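Chemist: Work the whole structure out from these sequences, hints included.
First to last, the protein sequences are chains A and B.
Using our numbering, the first residue of the first sequence is number 1, and each one after it goes up by one.
Using our numbering, the first residue of the second sequence is number 1, and each one after it goes up by one.
If you are wondering where the hints come from, they were derived from the structure by calculation, not from laboratory data.
Just so we're clear, the structure is a prediction, and the values are computed from it rather than from any experiment.
Ideal Cβ placement from N, Cα and C applies to all residues, glycine included.
Honestly, I wouldn't trust all of these hints.
To be verified - Some but not every residue of chain B turned toward chain A, in silico, with C-beta under 7 angstroms:
{"id": "1", "residue": "L130"}
{"id": "2", "residue": "L134"}
{"id": "3", "residue": "I140"}
{"id": "4", "residue": "R144"}
{"id": "5", "residue": "A145"}
{"id": "6", "residue": "I169"}
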Amino acid sequence: MTSLSALMQRDIRIALRVGGGALIGVLFFLTVVVLMPFAVGPDLALLARLGPAILWLGGLLASLLTLDRLFTADHEDGSLDLILMSRTPLELACAAKALAHWLAAGLPLVIATPVLGLLLNLDMTATAAVALTLLVGTPALTFTGMIGAALAVTLHRGGLLLAVLVLPLSIPILIFGVAASQAAISGPSSFGAPFSILCALSLVSFVIGPFAAAASLRHGLD
Amino acid sequence: MTLTELANPTRFLALTARLLPWLAALTALVLATGLAQSALAPDDYQQGATVKIMFIHVPNAWLSMFVWTVMSIASLGTLVWRHPLADVAAKAAAPLGAAFTFLALVTGSLWGRPMWGTYWEWDARLTSVLILFLMYLGLIALWRAVEDPSRAARAAAVLTLVGALNLPIIKFSVDWWNTLHQPASVLRLGGSTLDRAFLIPLLVMAAGFTLLFVTLHLAAMRNEILRRRVRSLQMMQARAFASDVSPGTRGAPTQVGAV
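Modeler: Structure, rendered in structure tokens:
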């Protein structure tokens, strides 16, 4: 347990320091949201209607952007080999790394959401709904994305390949995240049903993600 | 003959060399029968002659999912049993699966034009098949991103299995998304019972397309094995060449030219 918390603390500390680059995700999120009005026009009513979708898409892309860092830096300086050889089960180590990554790169996106909601003319309930769904959904994005990050690091190919592999897998999360937000704002259907499915997807990804990532690292890095 | 005996690529090549002509002939026979039967099938009272697209479309759609199942089993073979032919099978199946999925999309779109009045409808089934197609393409991209086949094989196996777990979730969520966005129902055959006049040609066509897949898959596996042999021969040659030009004889241009 102490080794896992040490690993988490180390990862968070590295991510927040100079060169860590975790907060670049938030900057990217902000930029994507700012670009949207230029594409669809400054109509506030339209922006309010598209708001949840824009925020979710921005969050998805921003969390994808930072995924590359999950294993690459550790692979380059050799600490990933130490993690592989340590007595801690690799699945738990992967889970700890993903959790640390989410705390450093995913949680800031959720915190930034209310500010960006103002820019998109979202009211209080809408902003709260989007922030809540992102709070539940971004861990799922990180944990499923971790599989792609593990594959990419074993193949020494990151970037576009990772995006192409991970994006189709994140479609269900996007669907239920946006559905729950829309339901809270306007929809005839209830907020509860899509939101609980979103929670379920997150829980499933907590199980599948670490196992698949650990399998990929174990088979790929020998 | 058990699966472990087939693990020997030479034995596999010998067996498939004998098997493939018969299999190809059988495929041609079944497909010809199926095509003739579907050409002779009556027109639908509602859809007219366009219903005949179904005889091509449905087998392709069925194979698009069947091929992923085959790849998942092969991936288990790669990761769990380290069967030497499993990754060959998985690699050879991916482009075939993508092709069948693409044909299912195209025929579905051509069928949609007269039926729904549009080539593309964000219908739940079409959308989930499109996502399946994207996943096939991602998998092929993964195979092609790495030179070393065994390294690529294990990565692709993990991705295939994750995809197999995810496909039902994607299917379910797209269904949910579709009912949420488009309450208006579209005309479709699914669920309704098919008349025997349509069912029998459809089953024959499905069998024919499955045989086609098996034939093409075995042929593609043979090609892949041969390709890997060529690759290892080339590497052996390069290694022999490198040891030839080792310190003593280095810098002799005549020798380089001779090889």
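Chemist: Taking the earlier hints as the rules, which of them does this structure contradict?
Modeler: Result: hints 1, 3, 4 break, sorted rising.
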